[in-house]
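Engineer: Just so you know, the protein sequences line up as chains A and B, in that order.
Per this note's numbering, the first sequence runs over residues 93 to 919.
Per this note's numbering, the second sequence runs over residues 2 to 114.
Just so you know, the hints here were simulated from the structure itself, not pulled from any lab data.
Cβ atoms here follow ideal geometry from the backbone N, Cα and C, with glycine treated the same way.
A portion of the hints provided could be inaccurate.
[To be verified] Label-pair distances were calculated between CB atoms; the ranges are:
id, chain 1, residue 1, chain 2, residue 2, range
1, B, E63, A, E852, 52 to 58 angstroms
2, B, G62, A, K547, 19 to 25 angstroms
3, B, F46, A, R682, 41 to 47 angstroms
4, B, F46, A, G163, 29 to 35 angstroms
5, A, G505, B, E63, 38 to 44 angstroms
6, B, D34, A, K547, 26 to 32 angstroms
7, A, K683, B, K72, 28 to 34 angstroms
8, A, Q869, B, K72, 23 to 29 angstroms
9, B, D34, A, L811, 24 to 30 angstroms
10, A, K849, B, K72, 57 to 63 angstroms
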Amino acid sequence: MSKLVVIGDGMVGRRFLEAVTQRDPSWEVTVLCEEPRPAYDRVRLSAFFDGVSAEELSLASDLPGVEVRLGEAATEVDRAAKVVRSATGEYPYDKLVFATGSYAFVPPMEGKDLPGVFVYRTIEDLENIKAHAEGRRHGVVIGGGLLGLEAANALKLLGLETQIVEFAPWLMARQLDEAGGGILKQHIEKLGIGVDCSTGGTKIEAVDGRLRMDTNRDGVSYDTDLIIFAAGVRPRDQLARDCGIEVGERGGIITDLSCATSDPDVYAIGEVAAMEGMCYGLVAPGYAMAEVVADRLAGGEATFPGADMSTKLKLLGVDVAQFGAMEGPLSTTYLDPAHGTYAKLILSDDATTLLGGMLVGDAEPYPLLRASVGGKVPGKLADLLGGGEIEGALPDGAQVCSCNAVTKGEIMGAIHEGCHDVAELKTCTKAGTSCGSCIPMLKQLLAEGGVEVSKAVCEHFTQSRAELFDIVKVTGITTFSELITRYGTGSGCDLCKPAVASILASLSNGHILDGEQAALQDTNDHFLANMQRNGTYSVVPRIPGGEITPDKLIVIGEVAKEFDLYTKITGGQRIDMFGARVEDLPKIWRKLVDAGFESGHAYGKALRTVKSCVGTDWCRYGVQDSVKMAIDLELRYRGLRSPHKLKSAVSGCARECAEARGKDFGIIATEHGWNLYVGGNGGFTPRHADLLLSDVDSETLVRTIDRFLMFYISTADRLQRTSKWVESLEGGLDYLREVIVDDRLGICGELDALMAKHVENYADEWKGVIDDPEKLQRFVSFVNAPETPDPTIEFEEVRGQKFPAGTTERSQPVLLGTPVLRSSQGK
Amino acid sequence: MQPICEFDRLVPGRGVAALLADGSQVAVFRLFDDSLYAVSNEDPFMGANVISRGLVGDRGGEPVVVSPLLKQAFSLKTGVCLDDEAVALEVYAVEVVDGQIRVGAHSEAKAST
Ligand SMILES: Cc1cc2nc3c(=O)[nH]c(=O)nc-3n(C[C@H](O)[C@H](O)[C@H](O)COP(=O)(O)OP(=O)(O)OC[C@H]3O[C@@H](n4cnc5c(N)ncnc54)[C@H](O)[C@@H]3O)c2cc1C
Ligand code: HEM
Ligand code: SF4
Ligand code: FES
């Protein structure tokens, strides 16, 4: 077997491994990976600060015939003996591939090695930055390019006052012209980040436990706690230099279009390669190189097709995009300082062919424009520049995903072969799997390809749940029959009825068993308890924050004993009593209500519990009163009906004992206040919640949760948990923040009012029943024999408690009454 | 035909359960148009007597009740399960006389369809 050695398991190295094992599995492959973990998505590195974990960023998968040696750097290449050496081993090769990437460039400056000075390249870098930022105030980022802006965004997320220092006269000088850079600066400064251009750091020193950086501008120096160098990258070509492989004047391993170096048995790919003398600092050209070498090793003749250097980023809600050429024979610009948008298109001299351009502030036309580079201008210039409606059919050859070089033709092909959503397109074509900026375009193509993602609630309503919510809110309709007569067809079903019931309840329309609403409720809501497998119910009283007095514990014990109920502590820090007969429910509730309990809404699509750790009350680590906060939140949102169940938790410090990040909204105490995380989820596909706000006071926290919940309730689909809802928001977390923190849509007043109405109108649902003789009538097994309990319900005893009969060794259900099963009747 | 209860006891859009003389259980539903249906109360999939507590509505115009346990839909006219045609509920004759609901034996239902 031929031996292949790869140095570097980065983004490009990993893509190469996938490609080579797929095309020619006969290679025996060894990979030397200097980092402690296999390849991860460096492009999305900053997502780490949004709470995305290292595991989620991982690109690694088990590949046949590939041995990855983690934490082992290549230290020497002996081309005569054809071996690669590391500190601990020796690896012979027939073919060798360099995929060593780049290192962050740090200008030679006094003090650059002081503690508190960082670069921004690996997960370890980010972990160190995060640890150092803890409890500190101010940070400086050196460099105002793509990387610098990402780093500044990260510092801002960590709660630091942030200053960018850029040597060039404007931001993102490699992608934008002066006007574009100016508009961008305006946006960044509005977000509270300082920007100093035409400024270079000259010296860093440690002063009183902090850092001071002097600059080349007279009298300007910064006192700060943390400095990040984001001043560019340099190819990691030292190993190649040492073994005599040709490198470029400005660094990088020189290759031809087949990615071969000056040694024909050695290839270079990714950022370390100087393809015909040119280094590419983006992932897409690297992926193309990976494919070229994989093809060559399988006997093919592929060559590098050229690279698209287009970029788009959205940081702190600001869109910036650049595509194709930066300059050309003709250009046309549009500048709107009032709205902070700038657009420039570069055209051929007859103004028919699009050569390139840039967009700041609004990058909506980016996917279309980028895909049209080299072709016809895809619409009227005024529309393209000024954000008008654009309808343009892309040519099949147009590249839709530039990270992975996927054309429109390939995507349409995949759609016709049966890909129905973005996830499937990602698997089939790899489009959308790196930076994600092409995903809106993928959605559009799915629509063009005739794939309609129906949001209709069910066969009776063509509207989505969000649309029905709006209709109910605007028209003030309070009954299902009116809604279905005016806006739907038929008589409804088990999908639309509970959905509408929930909408009516969210908009605070009295007791859920009042009048016609009673007919809409799912069984659990109808009996205000959860039906179990044998037709009995479970009863869960609310225990806010999981805090309970001994007296109340005794009451629960007495009730369970009196009605012979099975008891269990739930995952939500409260106590569930199972096996209650329907006719006993009101009596059980009466006892509980008299002792000060109320419904815990365990049966509803509503707030379940707000768990808490013991916090400052008892725990020696606690920094805020997590129990009180949990109780306050649970009491505020109790009874709130929503598209799906809502769970929450509050932890008293970063140790996170309450597991708040697995919740729809989770709160973690900090030294300065609270961090709010949203969109977490246990269940089938667990998801950690994302950080929405940090270090806020209690009032801001509660106000933001109010808006988060009401915005979710107003716009989510039926049975869509907050995690899926947050993911489905175009513009993601940034957009959510703009809406509920910055009030971009101007709806916060209304959201606040809806929540105020909920809080004001809350009433215990159990009490509403036991005080109402008419509602009480329903709690019988038999309408014609109200005193008779259902004789078919039987229990058996296991571990000292009762269980539904037959479940422990699940057999035939016990049948006393006689209906017989028939196999076909009436057909 | 056995009397069950007054028609007005039933909430439009919901059901009640009744115990028949032979010990069998029947689920009676009043729909929004005040039509009445009666089927056996036992969920054939889980064995619990809970069909009366299911939601009613229609599937493509066919009136149905949906089991509250595992959510299978059953035709209220024929009893057949729309999600698994090998399974069905019993159908009972039902009528209103002098404001009283009366339910017949299921064999009578067969005769009347
Ligand atoms: C914060 C950030 C944001 C970015 N955003 C974008 C973006 O939006 N779009 C885009 O296209 N690009 C972006 N990039 C650039 C992109 O990440 C790189 O182009 C891409 O990672 C290059 O892949 P690579 O495999 O060549 O190098 P790398 O991913 O850097 O991998 C090289 C690997 O080789 C290892 N290595 C080096 N020397 C040795 C040795 N001697 N022995 C063993 N292992 C060794 C390194 O430790 C490293 O793990 C971004 C980069 C950063 C840091
Ligand atoms: C008919 C189905 C279900 C019923 C009746 C049910 C009922 C309950 C009840 C009563 C609790 C206690 C919550 C509380 O204390 O309020 C609970 C907790 C929980 N349930 Fe379910 N559940 C059901 C389905 C599910 C499913 C499908 C999942 C996972 C996908 C799930 C995941 C959980 C989790 C993780 C908890 C613990 C909550 C916490 O720790 O905060 N449940 N469930
Ligand atoms: S999260 Fe912190 S405060 Fe709460 S119990 Fe754990 S260690 Fe203590
Ligand atoms: S363009 Fe980056 S993933 Fe498609």
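Engineer: Taking the Cβ atom of F46(B) and the Cβ atom of G163(A), is their distance within the range 29 to 35 angstroms?
Structural biologist: violated, 55 angstroms
Engineer: Holds or violated: the 52 to 58 angstroms window for the beta-carbon distance between E63(B) and E852(A)?
Structural biologist: violated, 43 angstroms
Engineer: For K683(A) and K72(B), compare the CB-CB distance with the range 28 to 34 angstroms and indicate the outcome.
Structural biologist: holds, 32 angstroms
Engineer: Okay, F46(B) versus R682(A) on CB: inside 41 to 47 angstroms?
Structural biologist: violated, 34 angstroms
Engineer: Is it true that the C-beta distance of D34(B) to K547(A) lies inside 26 to 32 angstroms, as the hint says?
Structural biologist: holds, 29 angstroms
Engineer: Just to be sure I understand the hint, the distance between the Cβ atoms of G62(B) and K547(A) should be within 19 to 25 angstroms; is that true here?
Structural biologist: Hint holds: Cβ distance 23 angstroms, inside 19 to 25 angstroms.
Engineer: Should the hint that D34(B) and L811(A) are 24 to 30 angstroms apart at their CB atoms be regarded as holding?
Structural biologist: The hint (24 to 30 angstroms, Cβ to Cβ) holds, given that D34(B) and L811(A) are roughly 29 angstroms apart.
Engineer: Is it true that G505(A) and E63(B) lie within 38 to 44 angstroms of each other by Cβ?
Structural biologist: holds, 41 angstroms
Engineer: Falls inside 23 to 29 angstroms, the C-beta gap from Q869(A) to K72(B)?
Structural biologist: Holds, at about 26 angstroms.
Engineer: For the pair K849(A) and K72(B), does the Cβ-Cβ distance stay inside 57 to 63 angstroms?
Structural biologist: Taking Cβ atoms as reference, K849(A) and K72(B) lie about 32 angstroms apart, which means the hint is violated.
Hint violations for this structure: numbers 1, 3, 4 and 10, all remaining hints satisfied.
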